[in-house]
Amino acid sequence: MVATRFIGWLRKYEKWFGLTATVLISAGLYTGLVTSSPDYYQGEVVRIMYVHVPFAQTAMLAYSTLFLCSIWYLWKKEAVVDNACHAAAGLSLFFTAGGLITGSIWGKPTWNAWWVWDPRLTSFAIMFLTLVGYLMLRTFLDDKEKKATFSAILAIIGFVDLPIIHFSVEWWRSLHQPLSVSNRGVSIAPDMLVPFTLMSIGVGILFSYMLMVRTQMLYLEHLLEAKQGRLLNEGQL
Amino acid sequence: MHFFRVIRWIAWKDLLSEYRNRENISSMFFFALNVILIFSFSFSLDSETIKEIMPGIIWVAFGFTAIIGLGKSFLIEVNNDCMEYFQTLPIPKGAIYLGKFLGNLLFMLTVEIVLFPLFVLFFNLDMIDQFLQLLLISTVATIGLSALGTLFSALTVQIRAREVMFPILLLPLSVPIFIGAVEATRGVLNADAFSLYSHWIELLVVFDVIFVIVSFWIFEFILDY
Amino acid sequence: MRDNCEEKARNTLESRQGCLVKRFYLRWMILMTIFGSISILGAVRYFQEVRTISPKTLLSIQPKETVRLMGMIDAGSFMKATENEPFRFDLSGEGGKVAVTYTGEDPDGLLRELKTIVVIGNWESGDGEFQAKEIALVPNYGFITSAYIFSLVPLAFFLFYMERRVALLYVMIKDEKVYQPETGQ
Chain A
1 MVATRFIGWL RKYEKWFGLT ATVLISAGLY TGLVTSSPDY YQGEVVRIMY VHVPFAQTAM
61 LAYSTLFLCS IWYLWKKEAV VDNACHAAAG LSLFFTAGGL ITGSIWGKPT WNAWWVWDPR
121 LTSFAIMFLT LVGYLMLRTF LDDKEKKATF SAILAIIGFV DLPIIHFSVE WWRSLHQPLS
181 VSNRGVSIAP DMLVPFTLMS IGVGILFSYM LMVRTQMLYL EHLLEAKQGR LLNEGQL
Chain B
238 MHFFRVIRWI AWKDLLSEYR NRENISSMFF FALNVILIFS FSFSLDSETI KEIMPGIIWV
298 AFGFTAIIGL GKSFLIEVNN DCMEYFQTLP IPKGAIYLGK FLGNLLFMLT VEIVLFPLFV
358 LFFNLDMIDQ FLQLLLISTV ATIGLSALGT LFSALTVQIR AREVMFPILL LPLSVPIFIG
418 AVEATRGVLN ADAFSLYSHW IELLVVFDVI FVIVSFWIFE FILDY
Chain C
463 MRDNCEEKAR NTLESRQGCL VKRFYLRWMI LMTIFGSISI LGAVRYFQEV RTISPKTLLS
523 IQPKETVRLM GMIDAGSFMK ATENEPFRFD LSGEGGKVAV TYTGEDPDGL LRELKTIVVI
583 GNWESGDGEF QAKEIALVPN YGFITSAYIF SLVPLAFFLF YMERRVALLY VMIKDEKVYQ
643 PETGQ
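Chains as they are written, first to last, in this note's numbering: chain A, 1 to 237; chain B, 238 to 462; chain C, 463 to 647.
One or more hints might be untrue.
The calculated label-pair distances, taken between Cβ atoms and stated as ranges, are [unchecked claim]: (1) 572(C) / 27(A): 47 to 53 Å; (2) 574(C) / 274(B): 49 to 55 Å; (3) 145(A) / 241(B): 27 to 33 Å; (4) 398(B) / 189(A): 48 to 54 Å; (5) 254(B) / 608(C): 55 to 61 Å; (6) 433(B) / 572(C): 39 to 45 Å; (7) 112(A) / 241(B): 19 to 25 Å.
Once the Cα atoms are required to be at most 30 Å apart in a straight line, the calculated DSSO-like pairs of lysine-lysine come out as [as the list claims (entries may be wrong)]: (8) 77(A) / 559(C); (9) 484(C) / 15(A); (10) 250(B) / 12(A); (11) 227(A) / 484(C); (12) 227(A) / 147(A); (13) 227(A) / 542(C); (14) 288(B) / 146(A); (15) 309(B) / 147(A); (16) 108(A) / 518(C); (17) 147(A) / 288(B); (18) 288(B) / 144(A); (19) 250(B) / 108(A); (20) 542(C) / 559(C).
No lab work stands behind these hints, which were simulated from the structure alone. For clarity, every value in this text was computed on a predicted model and none was experimentally measured. We treat Cβ as the ideally placed atom computed from N, Cα and C, and that holds for glycine.
Make a model of the complete structure from these sequences and hints.
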């Protein structure tokens, strides 16, 4: 039973990830919100960076995890790997949405607009739509193996497409508006680097912890469904 | 040679059935015509704004056409229980993909070539001189669209909400095609030198190469189920 | 940790499920305490260092200590610094008006007419003048607070419901008598 051992392993080690993430994020928030100095050009608003950039980085990390999991699934066809894919997709959607919302809030005081068609923002919006499509595709398919395979294929295609989307939007932007607007003018001072690094690593580790928890959740849900379905059939017989 | 014969036969089969009932091409064509009609009412079309928005209108019309046409690409196989047949045949699965892709590409190009004169007619454009450049742009863009579209058609054909899921999956991932095609077409309509917009065509070619290869490789996994 | 719960369940009448649930809520209470105190510290820092007062408030409380005063530079009142003269302008806000002198440099061109800025310094009630030592950007704490609330609060809810669901699922599966997780040798 590979899956049982894997889930057992997740259950055994998840708490260390959770603990590390809590320590790093609380230290990052403390330094970021209380002790670090404001940015010279942006003033206090720069503190949004300590939550926005880690969220965006973690969204990319989650999408890369989804890509690797999908390749692993197509290779080995393990049901528990599909649970990990599904978990990574949900988390990636969550962090992408978080990154978009905080980016939008940061954009208002710095660019004086809630939304600009910046290459990074646009790529993230398209990534968001792709992930919504991924999760919708999963809800519309009934057969478990078909669901896993088809969604893995979609995730791989989407991941391959992301850099092309980014470059094409960048070219398109440079044609229609000067790119200077994408430069937020943050030169990171040393005492800003501390909370920034802490939050980046902390949210990354928090993502691993959430991935472990969510993989367990999806695996157990399927297991429970299977067992209950079997009991129900036996009852009917 | 076996491989190329499979491609040729599948594309031939699609073209032949299309020639007999003309369902696909006529629905794509009249749908695109309706899109053009609606757009001409939606914008005030004096000759200055036409040049600004025309590339967008052309490619939105073609994109909708692709959704109408490509989404149904594998439906005929499912309706006639041919998917199981494809799965059991001892032929390379990628060849089936390439055959379907080729058939779809030819349908879409036919519709686009018929539509271009109508654009010229309805919107008083003078792009007859640059017909070759337009043909090149629409070919490379359509290759990309039908490469992705054929793959997603096979993905979505067996699910309940097929009509909704197909565009939801296809449109976000084909953003580079639309950007590249619209910008290159704008270059043509402004009668720019070819070198000014050739980088968009290069982008489209890169997209085509990557996605034809990736879809060809990945299609095998779809037919496994 | 988990074994401890099992032992307890064996020794006393308290069920293992109840023990796990209690521990789960305890953990979340500790987390909430940590993050709550960090946000309180942030708020305290805001009130000590970043909070600004308007010219009207300044005139009514007449403070002795250094304060941060926020207002708009009145049109026509702005006078550029010369070699031995400081910047002079009137700041107005909420119906009050205060004359400000600022001795120092303005490298970023912050000071211009009809611009809202923050000046940091002391109120000299004798001269009726505000002597600014520093100038600063307008703090946008609303944006920061909303960014943190919109990202971290959903994160906490998401994680909370996920963890609770997992704990519940383990119990439910245990009750189904089919699955025994063999972990933690």
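Here is how each hint holds up against the structure:
Between residue 572(C) and residue 27(A) the beta carbon distance is about 33 Å. The supplied range of 47 to 53 Å is therefore violated. Taking 49 to 55 Å as the suggested C-beta distance range, the pair residue 574(C) and residue 274(B) conforms, at roughly 53 Å. The given range of 27 to 33 Å is respected by residue 145(A) and residue 241(B), whose C-beta atoms sit roughly 32 Å from each other. Taking the beta carbon of each, residue 398(B) and residue 189(A) are about 51 Å apart, inside 48 to 54 Å as hinted.
For residue 254(B) paired with residue 608(C), a C-beta distance near 58 Å keeps the hint of 55 to 61 Å intact. The hinted window of 39 to 45 Å between residue 433(B) and residue 572(C) holds, with their beta carbons roughly 42 Å apart. The given range of 19 to 25 Å is broken by residue 112(A) and residue 241(B), whose C-beta atoms sit roughly 58 Å from each other. For the hint linking residue 77(A) to residue 559(C), the alpha-carbon distance of about 74 Å lies beyond 30 Å, and the restraint is violated.
This hinted pair checks out: residue 484(C) and residue 15(A) have alpha carbons roughly 17 Å apart, not beyond 30 Å. Between residue 250(B) and residue 12(A) the alpha-carbon distance is near 57 Å, which puts this suggested pair outside the 30 Å criterion. The suggested pairing of residue 227(A) with residue 484(C) holds, with an alpha-carbon distance near 28 Å, which does not exceed 30 Å. The hinted pair formed by residue 227(A) and residue 147(A) meets the criterion: a straight-line CA distance of about 20 Å does not exceed 30 Å.
With a C-alpha separation of about 81 Å, the suggested pair residue 227(A) and residue 542(C) falls outside the 30 Å cut-off, and the hint is violated. Between residue 288(B) and residue 146(A) the alpha-carbon distance is near 46 Å, which puts this suggested pair outside the 30 Å criterion. This hinted pair checks out: residue 309(B) and residue 147(A) have alpha carbons roughly 20 Å apart, not beyond 30 Å. A distance of roughly 28 Å separates the Cα atoms of residue 108(A) and residue 518(C); the hinted pair therefore holds under the 30 Å criterion.
A hinted pair counts as satisfied when its Cα atoms are at most 30 Å apart, and residue 147(A) with residue 288(B) does not qualify at roughly 45 Å. Taking the CA atoms of residue 288(B) and residue 144(A), the gap is about 50 Å. The hint is violated against a cut of 30 Å. For the given pair, residue 250(B) sits about 56 Å from residue 108(A) by alpha-carbon distance, which is inconsistent with the 30 Å threshold. Distance check on the hinted pair: residue 542(C) and residue 559(C) sit about 19 Å apart at the alpha-carbon level, within 30 Å; holds.
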